[in-house]
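J.: Residue strings, one per chain:
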Amino acid sequence: MSAVPQEIALPRTFALSPRLERMLIRVATGVVLLVLWELLVRWLAPAFVARPVTVARALPHVLANHVPPGTPTFWGSAEATVIAAFEGLAIGVIAGVLVGLTMGRLRIADRLLRFYVNAFFAMPIIAMVPVMTLWFGFSSSVRLAIVSLGAFLPICLNVYDGTRSLPTNFVEVAQSYRARWWNVWFGIALPASLPYVLAGFRLAVGRVLVGATVAEYIVSLKGLGYYIVYDGRTFHQPDMMVAVLFLALLGVAINAAADLATRRLLPWYRRSG
Amino acid sequence: MTALGGVARGPAISIAGLVAGALVWQLIGAHTQASSFATFTATCSALWAMTKSGELPRALESSLELFAIGLAFAIVIGFFGGLLLARIRVLRIGLEPYILMLYATPMFALIPLLLSLFGFELRAKVIVVALFGVWPILINTTEGARSVNADLLEVAESYRSNERQLWRHVIIPYTLPYAMTGVRQGIARSLVGMLASEYLLAATGLGNLILTYTNRFDTAHVLAAVLVITLLATILMGIGRGIENYFARWKAGV
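Sequence lines, in order, name chains A and B.
Quick note on numbering: the first sequence equals residues 1 to 273 in the numbering used here.
Quick note on numbering: the second sequence equals residues 1001 to 1254 in the numbering used here.
Just so you know, the hints here were simulated from the structure itself, not pulled from any lab data.
All figures in this text were calculated on a predicted structure; none of them were measured in a lab.
Ideal placement from N, C-alpha and C gives every residue a C-beta, glycine not left out.
Take these hints with a grain of salt, some might be off.
[To be verified] Per label pair, the in silico range of CB-to-CB distance: (1) Leu-266/A / Val-1024/B: 34 to 42 Å; (2) Phe-235/A / Ala-1049/B: 53 to 61 Å; (3) Val-1024/B / Gly-187/A: 46 to 54 Å; (4) Val-53/A / Arg-1123/B: 22 to 30 Å; (5) Gly-30/A / Leu-1231/B: 42 to 50 Å; (6) Ile-108/A / Gly-1242/B: 45 to 53 Å; (7) Ser-176/A / Leu-1091/B: 54 to 62 Å.
[Unchecked claim] A short, non-exhaustive set of chain B residues, derived as facing chain A with CB atoms under 10 Å: (8) Gly-1010; (9) Ala-1020; (10) Leu-1023; (11) Gln-1026; (12) Ala-1030; (13) His-1031; (14) Thr-1032; (15) Phe-1080; (16) Gly-1081; (17) Leu-1095; (18) Glu-1096; (19) Met-1101; (20) Leu-1110; (21) Ile-1229; (22) Thr-1230; (23) Thr-1234.
Start from the sequences, fold in the hints, and give me the full structure.
T.: Written out as structure tokens, the structure is:
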């Protein structure tokens, strides 16, 4: 038997529950990765490069906001970035659902807008950041515009796909019961494309975080993107890594929340695979 | 409405949409300062001027070189890493949470760290592009290789396939469509990585064009560069979708 997920059947002298076994393997791998990082940086990299030990040492003063005056604080930056990310996601979800539904239900809107939505979706949205500084000035409006666009495009395209794949007999039955257009749009098409909204949302989270941090860096806005670059340039790499870890956890947390919401709100929808 | 009319009407509306977009662009440009928004025609002439002077082709070549090398690394590492993860259970279980975490991290945040380790020349930038693109390829390949139909493996075994033949004729062909879905997503992410590394590491290529002309308040040239990037991205995404469909064609009948 040489199937790909090959399990080596060793005679078990003692049995661990599969759950516990997974946990142990994961923790052990984490420890190995941390040790590797520590040793490799110690041996090969300059002294200012962050190692797990120095990051752990930086953790208390970073989380307590103990920094010299005039330098960005961690919590202030985190707050700015998180609020901007959620504003962008909120705007993106609302606008994306409305435009996606319109494009999915109205042929003419589809024909008129398809090209633009696809082009903007394909384009790395951060290409627009510098020119937006000319439009909005060096202000947080640039970040808001970037995160909103970053969230809008994947959600809009996914809602469009969801609406297009709506079984026609749903609509026919509804219409034979004299459903008005808004009944079809918001009573049938929207609920049917909710799984697509969630798939779009997951894509949007990644785009929003990248967009927000790049905008913060280029515009020099208070936020984690600026915090990271600032600490990186002033040789405070351990402080910087705390923010990087925070961003990683933030991405994981938002996606986990979306998964939980899917299971709670859409129990009829099971993701394939 | 005849069928023919329906066929002709769709593209007509699409073209009308494009023309309307160009007109709106022209109008906005004509009624704002040139330093904040250039007209469509000014953008087109800037595009032509940059092409003629060789500035744009050079930038495009430099960006594409970076993109291609980075994506190649991402594909090779993602594909073989994915097969390895599917094959070795301990490795997969152990690394899965960390891979998902890295996938969710905005890779931009790691650029300053990479800068201190690898400098800011081509090598560091290639690593950034590869790091942006590798995760979807890795994850999709792992998923694909794990989901190989057990029936297929049994048939292959009952015909006495050895390990190498099993990989060559069953597992890798089965995994490729999944991997190519990852490659399509990786192309989009690597493109973001390309721009991000050009912004933050040594400024070259299209990212450099955008930054330079923004600093000169020359919106015509900036918009021209953005237009080129949009075109490039659309073409690359089209290629990605083409590759995905090509490898997925045997799945259509299933």
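J.: Of the numbered hints stated previously, which ones are contradicted by the structure, given in increasing order?
T.: Failing hints, ascending: 2, 3, 6, 10, 11, 12, 13, 15 and 16.
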